[in-house]
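**Q** Here are the chains, one letter per residue:
Number of protein chains: 2
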Amino acid sequence: MRRLRWQVAAGAAVGLALALEALAPVLRWLWGGRRRPRHEVLFFPSQVTCTEALLQAPGAKPSAAPAGPGSPAGCQCSLPHCESALSRLLRALLAARASLELCLFAFSSPQLGRAVQLLHQRGVRVRVITDCDYMALNGSQIGLLRKAGIQVRHDQDLGYMHHKFAIVDKKVLITGSLNWTTQAIQNNRENVLIMEDEEYVKLFLEEFERIWEEFNPTKYTFFPQEKKTQ
Amino acid sequence: MRRLRWQVAAGAAVGLALALEALAPVLRWLWGGRRRPRHEVLFFPSQVTCTEALLQAPGAKPSAAPAGPGSPAGCQCSLPHCESALSRLLRALLAARASLELCLFAFSSPQLGRAVQLLHQRGVRVRVITDCDYMALNGSQIGLLRKAGIQVRHDQDLGYMHHKFAIVDKKVLITGSLNWTTQAIQNNRENVLIMEDEEYVKLFLEEFERIWEEFNPTKYTFFPQEKKTQ
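Residue numbers (the working numbering), protein chains in the order written: chain A, 1057 to 1286; chain B, 1057 to 1286.
Isolated chain A, as found in the complex (with noise of 0.2 Å):
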């Protein structure tokens, strides 16, 4: 009788042990395939940094003199050079290895412009959808995108092409309120979503196609209607 519990006993010690290894990739499934994806929130105003350490061409010579306490190599300006909203939002874009979606209502931050013609040069590519009453404002980058060789499409709608949103290599939607000047950074309230996450990726590029094709130039009018002011 002891002898047949200790055989139950081991035989059940074998049988959870063998339990444990079958489910093993599936416990590992649930925890890794499933897990949350990445995500975080940019909340502006941001505060006024220096963003030149991440924004420096490959090639550019940083200066000889000694950098001042907490800024990188080379930068001797007098702003802080912590991180900062716009740092983040930077840092998420040049990110980018393959590809670059913008779809931007308003676009005249001269960082962001930066950041863009960076990755351009890096051999990214990089697409851009704007509103055709915002482009050639005072401070605008499309023209200076335009000129660096970065396709750039518009529409001619009565309506705005309101989205701010941005698609780093098919798998980062960074979305939200902001608009990419100046103003709104270092003034207005906004939110900025960074979500790794290929069902909102999915959606945003899809609406991303819809409309590059449809403000595809050999559609264009050269004498559209008249929007309206409001």
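Heads up, a few of these hints could be off.
Pairs count within a copy or across copies, as identical chains cannot be separated in the list.
[As the list claims (entries may be wrong)] The calculated DSSO-like cross-link candidates involving lysine-lysine, where the alpha carbons are at most 30 Å apart (straight line), are: (1) K1258 x K1226; (2) K1258 x K1227; (3) K1275 x K1226; (4) K1226 x K1203; (5) K1227 x K1203; (6) K1203 x K1275; (7) K1275 x K1258.
Worth flagging that the hints you see were computed from the coordinates, not collected in a lab.
Model the placement of chain B on the given structure of chain A, informed by the hints.
**A** Just chain B now, kept in the frame of chain A:
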């Protein structure tokens, strides 16, 4: 030897059953507690549809005339009575049972205004934060909400209160590029995310409470600095 094998096999089966039973709550927790949060994306412009069925107050009398095809009982209007981006946004708001926080740059949509008043009448605690420049514009809903007894606070800053988000029952975040105006709903390219996600809700609720306190009327000055026109 044959008996021993049988005993070990029986023990293994018992062990497997025990292991599965012991792991069941863990599997349920992984499957249920860590389920992907509900989310939806609405893209605008929205088709113009009839939203009367959603917005009728509980005591309102439906018309005695027979309803048109596809229309809810009592509605005779010629608009389509199907779902649209606006009707889905209204549904998400009207699901509120306890609280609704609104943080909106511009709010002039009559349908969205009626939905908010309906929630207030049902006893939902509604709080509104808005931008001082836009709350007095023609067609703004802000005055009507205040007349109905809803609490409204606004900025006095040089920058804009440019958020466009709502929080339903402290459980669902509604945020995007859409200002709550008929112009934007019917004509603009816009996006709205509806997210049942406690981490996003927590961050946006903290932002709401921060601004709510900052815009406490006891802190208002009656001759604030003039806003920049940009």
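**Q** Among all the numbered hints in the text so far, which are the ones the structure does not match?
**A** none
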